[in-house]
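Q: Here is how the chains run, residue by residue.
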Amino acid sequence: MAARITPSERLLSLALALLHTTVPMTKRDIRRHVTGYDADVNDNAFDRMFERDKQLLRELGFTLVTIGTDGHGEEIGYRVEVPNETTRLRELTATDITVMGIAANLWRAAAPGRDITTALIKLRALGLGGDTDASMLAAGLLPDSVALSTDNDPAYEAFTEAISTRRAVKFEYRGRFSGELTRRHVQPWRIAVRTSGWYLVGHDVDRDDTRLFHFERIVKKVQLVGPEGAYTIPAAQIIDEAAQSISARTVSVATLIAKQGRAGELRNRATAIAPLDNGRDQLEVEFTHLDVFARQIAGYGDALVVIEPAELRDRVIDLLSQACALGDPETDGKERHG
Amino acid sequence: MAESNPERLVRLLGLLAYLDRVSEASLDELAARFDVPVEQIRADIDLLWVSGRPGGQHQDLIDFDAFAIDDGIVRLEQGQGLPQTFRLTDRESIALAACLQALRAASERDPHAEAVTALIDDALEHLSDDELNIADVVDFAWQDSVNPAVIETLQQALREHRRVRIDYIDAGDRQLQRVIEPLQVRHLEGRRYLDSWCLTAQDLRRFRLDRIQRIQVLADPVTHTVSDFDLPDGNALVLGSPMASVRLRLRNSGRVIPETIPYTWLEEHDDDSFTVELQITNLDWLRRLILENADHIIAITPPEVAEAAATQATAALTQYSL
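Taken in order, these protein sequences are the chains called A and B.
Residues in the first sequence are numbered from 1 upward in steps of one, following the numbering used here.
Residues in the second sequence are numbered from 339 upward in steps of one, following the numbering used here.
No lab work stands behind these hints, which were simulated from the structure alone.
No experiment lies behind these values; they were computed from the predicted model shown.
There's no promise every hint is true.
[What the hints assert, rightly or not] Each computed EDC-like pair below joins lysine to aspartate or glutamate, with the alpha-carbon atoms no more than 20 Å apart:
| hint | chain 1 | residue 1 | chain 2 | residue 2 |
| --- | --- | --- | --- | --- |
| 1 | A | LYS54 | B | GLU345 |
| 2 | A | LYS221 | B | GLU597 |
| 3 | A | LYS220 | B | GLU597 |
| 4 | A | LYS170 | A | ASP206 |
| 5 | A | LYS220 | B | ASP610 |
Could you build the full structure based on these sequences and the hints that come with them?
A: Structure below.
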């Protein structure tokens, strides 16, 4: 026997065999005829090897079809179908490929999963050049590096797999306020990335309602459950609506008074700054989320005072009062509301 | 180096698809295109060459021009139908669409963004098919309040490899002026940062772009570039050495803290609360964190930290009772 057959070689042989076979090949045919399986492995080892290879073929993009020849499990036949149009390559222009190449290169290091790595290899095979990116960067059109981390890559991979095959998922989820762990059964629709983190938008099967799930609060491995094509993803507007609570809302304007030279970050984004007689400045600042903005203001301590709106002012006073209580050892904190 | 199987397989199939399109290419060009050493391309071609369908006869095998390869030219003679199966998988399309969406969200507020956005939208549309609206699987919306003029000046400096002077507001609300050598702009969870060599600190520093008040390009050329450093991906770049460690006991409502801030230790308690330990590099930053999250905090160790924050809060509250 010559050099050992590598897994890559075996997989190529399998792909070629299944692509050219006139009748679907059974597992027995494959074991007998395809290079790489003929080594002296036992039945179990062969089965494991073949299951892995089948999965890998699908991941590589081959359309693997199974045909039950006579209804007996053993006689299932396999074949690789040639896509009648090379899906998703037909429509892509050279410009599309360049733009995708730039985007993929910017994100490669930090984008979740390995899909982007293989996608980039495929773009190169489709003619993506190396220097176009550089010339566009030089034109000053784009940032130099974009990093993105989910802190939960496995969840990202499971959800994209689920969305692309319309399979349901199950996972353990920690409630936002209760902190309680619950088992969730969800039909994933979309992944939404916000400043506050990554979210799954989907239909919660047990609660029969749309829900948002923060990636960070998914505590255990996400499992894909049930058959493919188990649900339909609703129209974009419906998902947009479901994600409303994490999307930017209407902009409000706050009037604040800042000590001289302080609250620089808010001065930076103020729409108006007017000096007052007492050496302080009055700022007009736009905000979208009241709670987030109230926290930011409280963080500045005595450098800022809220004039209006009253709701914002009350929320800031509430936060500051709770901070005061922290210095008092008599309070164990249980009495205060959150 | 052991290479993961799927990546090599994708490259093998990619090589066939590429050679099928261009009919021939040099080993050097293929190595550059697929970003691997020439020896690797040679090994890939050798592997493809002995691959074929069952039977193993010459007409069953993938075949290259044996004479051309002696001159370093790879010419595909028989691809055995594999180039015709080459496609992007749904998941790869989703990943590409996500990158496009992220780039769109990241460049939205930049000057000249419109031209880029139009190109991105075209590509997104072409990626989608009837079955799955690929463009919509991952959706980005970031709040970013960076002044476009800051971006423009920074891009000029990066292009011309020159130092800049910045007026910066640090995490403790102090105004600083620094002369820095910009290395790269990073997007981390929707915020833009500038990694740079700081001449004042003589060390790496990361600045948040929305905290830069003014920026000016200087005549001096830079002496450091991004390739001089092994900058980690993600937000792992911790700058400055920790001064103290602080433990916060938090209600479950305060999960956002360990979700967004690196911590060294976390313990869950039976009463639905938990404790995190943070390494502090800046006391002003810590005071701010406490005031911003006072409703989530049950207790702080050491207690002096809690007292200092409470003093700050009292001073702030006095202004409301005037």
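Q: For every hint, state whether the structure bears it out.
A: Tested hints:
no.	hint	in the structure
1	A:LYS54 with B:GLU345	16 Å, holds
2	A:LYS221 with B:GLU597	18 Å, holds
3	A:LYS220 with B:GLU597	16 Å, holds
4	A:LYS170 with A:ASP206	11 Å, holds
5	A:LYS220 with B:ASP610	18 Å, holds
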